Amino acid sequence: MMAAQTPLLVMDGLSLGLGSGNRAMIVPSLNLTVNAGECLGLVGESGSGKSLSLRAILGLLPNSIHRSAGRILLRGPTGLAEHDPASLRGNGISMVFQEPMSSLNPSMRIGDLVAAGLRAKGMARGKARTKAISLLREVGFPAPEKRLDDWPHQLSGGLRQRVMIAMALSVEPALLLCDEPTTALDVTTQEQILLLLERLKKDRGLGILFVTHDLSVISRIADRTAVMYAGRLVEEGPTAELLAAPRHPYTLALLSCLPQAGTGQRRLQAIDGTPPAAGEHGGGCIFAPRCTFAAHQCLTAEPVLADIAPAHRTACYRHVLLREGLSR
Amino acid sequence: MMQTMRSNLHALFTLRERGSGKIAVGYAIIGLFVFTAMAAPWITTGEPARQDLLNRLAFPSFAHPLGTDQLGRDVWTRLVYAIQLDFRIGILGMLLPAILGSLIGVASALSPHWLDAAISRLADIIISLPLFVFFLALAGLLGPGSDWGPFGPGELPILLGFTLLGWVVYARLLRTEMHRILAMEYIRAAITGGLPLHRVIIGHVMPNAVGQTLVYMCVDIGLAILSLATLSFLGAGVPLDRPELGGMISASRTVISSNWWLVAAPGAVLALMGTGLALIGDGLDDRLKP
Amino acid sequence: MKDFVRFENLHVDYLRKGAVAHVLKGISLDVTRGQCLGVVGESGCGKTTLASALLGLVIPAQGRILLEGEELGRHRSSAQRRRIQMVFQDPVASLNPRRTVRSVLSELMIHHKLVGRSGLDAALKQIMDRVRLPAAALDAYPARLSGGQRQRIAIARALVVQPDVLVADEAVSALDVSVQAHIINLLRELCDDLGLTMIFISHNLAVVRVLCDRVAVMHGGHVVEDRPTEAIFADPQHDYTRALLKASLPMGILNLSQTPTR
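So the protein lines, in turn, are chains U, R and L.
Counting in the numbering used here, the first sequence runs from 1 upward without gaps.
Counting in the numbering used here, the second sequence runs from 1001 upward without gaps.
Counting in the numbering used here, the third sequence runs from 2001 upward without gaps.
The set of hints was computed from the structure by calculation and includes no laboratory data.
Any given hint could be a false lead.
The calculated SDA-like cross-link candidates involving lysine to any residue, where the alpha carbons are at most 25 Å apart (straight line), are [claimed, not checked]:
{"#": "1", "chain 1": "R", "residue 1": "1289", "chain 2": "U", "residue 2": "46"}
{"#": "2", "chain 1": "L", "residue 1": "2246", "chain 2": "U", "residue 2": "47"}
{"#": "3", "chain 1": "R", "residue 1": "1022", "chain 2": "R", "residue 2": "1202"}
{"#": "4", "chain 1": "L", "residue 1": "2246", "chain 2": "U", "residue 2": "194"}
{"#": "5", "chain 1": "U", "residue 1": "127", "chain 2": "U", "residue 2": "107"}
{"#": "6", "chain 1": "U", "residue 1": "201", "chain 2": "L", "residue 2": "2247"}
{"#": "7", "chain 1": "L", "residue 1": "2246", "chain 2": "U", "residue 2": "223"}
{"#": "8", "chain 1": "L", "residue 1": "2246", "chain 2": "U", "residue 2": "112"}
{"#": "9", "chain 1": "R", "residue 1": "1289", "chain 2": "U", "residue 2": "13"}
{"#": "10", "chain 1": "L", "residue 1": "2246", "chain 2": "U", "residue 2": "187"}
{"#": "11", "chain 1": "U", "residue 1": "131", "chain 2": "U", "residue 2": "112"}
{"#": "12", "chain 1": "L", "residue 1": "2025", "chain 2": "U", "residue 2": "112"}
{"#": "13", "chain 1": "L", "residue 1": "2113", "chain 2": "R", "residue 2": "1212"}
{"#": "14", "chain 1": "R", "residue 1": "1289", "chain 2": "U", "residue 2": "157"}
{"#": "15", "chain 1": "L", "residue 1": "2025", "chain 2": "U", "residue 2": "157"}
{"#": "16", "chain 1": "L", "residue 1": "2246", "chain 2": "U", "residue 2": "46"}
{"#": "17", "chain 1": "U", "residue 1": "202", "chain 2": "L", "residue 2": "2113"}
{"#": "18", "chain 1": "R", "residue 1": "1022", "chain 2": "R", "residue 2": "1087"}
{"#": "19", "chain 1": "R", "residue 1": "1022", "chain 2": "U", "residue 2": "63"}
If you're wondering where the values come from, they're calculated on a predicted model, not measured in any experiment.
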């Protein structure tokens, strides 16, 4: 799996700021790679910049946010290159949103919704309809040929999310961007959607960039995980390794916040303090004020992401302490 | 309640927030007209009805800045008094339906289903009435020239008509807003907190529901003025001898080729008034948005 | 002390598009004083309706709800309402955007005559301490507060009237994990310190497992299983409970032996 990777998406120093000019930076400089047939999980809390970074790929940033620097390279017929975001939508890259109800046009029947992308590419009506049925079948929509004329509001949340995934697949994407696609769903439905995405990744060799705040979802779906805090990537590595032995104090703290099964604990670990607001950061490590491991060094110079194991990077001076803590 | 009403009013009277540009320009325009209307006795001849039949359709001069009309009346004086009249009718023509409509809207939102439905049907019927036929009938019924209480000749039928027709918009607006707010969790929290119903309505529902109504009230003054002008133009408004913007346009339209400013001046005033009020409303809308 | 809150054969129907939907189909549940009952199930199972019925926001078609043996009827007095309070899911929609924290809290305290005008400031400060917020937050509008702070305010609003029962409907679901942990700890603390009886509604089994003494599993308007927390997790009896446990995502992968101690 490590060998012969084909990068589909490379973010190179992406910078996002509030308004124009060099005012408050929300994401100072982000580097990420998503390979074919791989799911990269991007985790962070609200305000960490994870969703904005995802939206920047398709040029879907809100007006108040300005992309000030960096490149976003995507694989096209001629290899990795920068693209005009508008030309990408519905062309080699698709997105699945969190809220299936507000992201599906309520005045279109589901057959037409799924066929719309195909029709836009010039496919004949009858053929597009047949293709829509096969796509809906692929995403596990029960008896799609009978329900093409249903309206979105007649479907359950899980089925709506399946329709959205079928729409995303209709343009034959190589890369699927997922913005918390399971957050609004019940646990059993969530499980089904995750299984579906996993199957699509294997069958179609899809690259998936999966943004979520939910570490348990990450543990289920992501091959690699990147953790964001206050706009910065603080740790990145193979999911199993990162969750079992986190090497950044923030990752560790996030994991400790989760209720643990079978420990009989009555109090949860919690992280004191709040993340800094955009532009509030003075210097040193961004997490230092809330960090239990922080030393003098952490307050003076900002650590950069550095390799600590194969494919595992962390932005922490004190990561050795975390490893020792593990062996204790 | 006081505090929240204050924050609504506060939005109307501060200039350092969202939408301030629009509100400032709107205030400047409307302020200019209000000042002009109030200063009428000092900046005009003070006699909008005085005729000078030897000096008809005069060109603008020092004595008559906008010339005279077909009856030799000073057009500048008539214009200033027309602004006064139109503003008064505009504000009353907004306020009366706003009060009636808001009361009906709140009652409708809180009443049992059958009553709510009945009020909605009544509103539908009123909206489907042909407005001008209604006005003409009313003007005929009450007599155009009658002077009643504080209202000048021809004003009562117009205000009555505005109120009987105009409440519908306010009732619908407030009913919809009330329903939206009543479904919010903080209302459930106030109810489960044990607060009596009237406290919940006055203290928690209303302050959040009236924002859109305030916005519409600003715009509605302009609409009322335009309706008055239209009615006068058609001859169903105030009597033509009273200075009124629509009436002035109507009376001068036969001489538009030689004395075009007789039409252009009241026309421009109407357009500016409408723009100013719409700007205030729009800026207020920006500001009240959460 | 037994059966502090009691649901007896509770039925609730909703009118949906002209058809009657049976949302609760005969719920019987007892909660003893000081107990924390978790109610779990998927959306549409009726768990939120159960809370609404307890709070008197919907009228049951059949059955009754008792609080300390006293029936909570259709029209509740202000004093009856005071005894049961709720913390809602959405920390944005659950606070009136045009009221300061101070105005909301003092309105409730003064209405229930829990404090005189002179003691108001001290009482407000005390409640803010209780939910671990600075007194400065009293004069803030909700828009100025973070999600976690808003949820603390929502808890303060529930506590300020000195209730006996606290209903939390997905009260931590909309929060980030790090904030969620703080709020769960706060709720736990309140139950222990104030002897509150809590009904904690959630789809998150891991959270319920930490917080609750007992769990009722709801499915299709029925309670399908109602047992002590560890018993349910160790040995689920009903098929639906088993399916729900299986679907809730495995957390075994997380190794917490290295949690730093403070």
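Against the structure, the hints come out as follows:
A C-alpha spacing of about 23 Å is found between residue 1289/R and residue 46/U, which places the hinted pair at or below 25 Å, so the restraint holds. Taken as a hint, the residue 2246/L and residue 47/U pair is broken in the structure, with Cα atoms around 32 Å apart against an allowance of 25 Å. A threshold of 25 Å between alpha carbons decides the hint, and for residue 1022/R with residue 1202/R the separation of about 31 Å lies outside it, so the pair is violated. Pair hint residue 2246/L plus residue 194/U holds up; C-alpha atoms about 14 Å apart against a cutoff of 25 Å.
Restraint check for residue 127/U and residue 107/U: the C-alpha separation of about 22 Å stays at or below 25 Å, so the hint holds. Note on residue 201/U and residue 2247/L: the hinted pairing holds, with a Cα-Cα distance of about 21 Å set against a maximum of 25 Å. Distance hint between residue 2246/L and residue 223/U is fulfilled; the C-alpha atoms sit about 22 Å from each other, no more than 25 Å. Taking the CA atoms of residue 2246/L and residue 112/U, the gap is about 36 Å. The hint is violated against a cut of 25 Å.
Among the hinted pairs, residue 1289/R with residue 13/U is inconsistent with the structure: their alpha-carbon atoms are about 36 Å apart, more than 25 Å. A threshold of 25 Å between alpha carbons decides the hint, and for residue 2246/L with residue 187/U the separation of about 9 Å falls inside it, so the pair holds. For the given pair, residue 131/U sits about 11 Å from residue 112/U by alpha-carbon distance, which is consistent with the 25 Å threshold. With a CA separation close to 38 Å, the supplied pair residue 2025/L and residue 112/U exceeds the 25 Å bound.
With a C-alpha separation of about 35 Å, the suggested pair residue 2113/L and residue 1212/R falls outside the 25 Å cut-off, and the hint is violated. With a C-alpha separation of about 30 Å, the suggested pair residue 1289/R and residue 157/U falls outside the 25 Å cut-off, and the hint is violated. Distance check on the hinted pair: residue 2025/L and residue 157/U sit about 24 Å apart at the alpha-carbon level, within 25 Å; holds. In summary, the hint linking residue 2246/L to residue 46/U is not supported, as the alpha carbons are separated by about 28 Å, beyond the 25 Å threshold.
Under the criterion of a C-alpha separation no larger than 25 Å, the hint pairing residue 202/U with residue 2113/L is inconsistent with the structure, at around 65 Å. For the hint pairing residue 1022/R with residue 1087/R, the CA-to-CA distance comes to about 21 Å; that is within 25 Å, so the pair holds. This hinted pair checks out: residue 1022/R and residue 63/U have alpha carbons roughly 20 Å apart, not beyond 25 Å.
Going down the numbered hints, you'll see the structure goes against 2, 3, 8, 9, 12, 13, 14, 16, 17, while the others check out.
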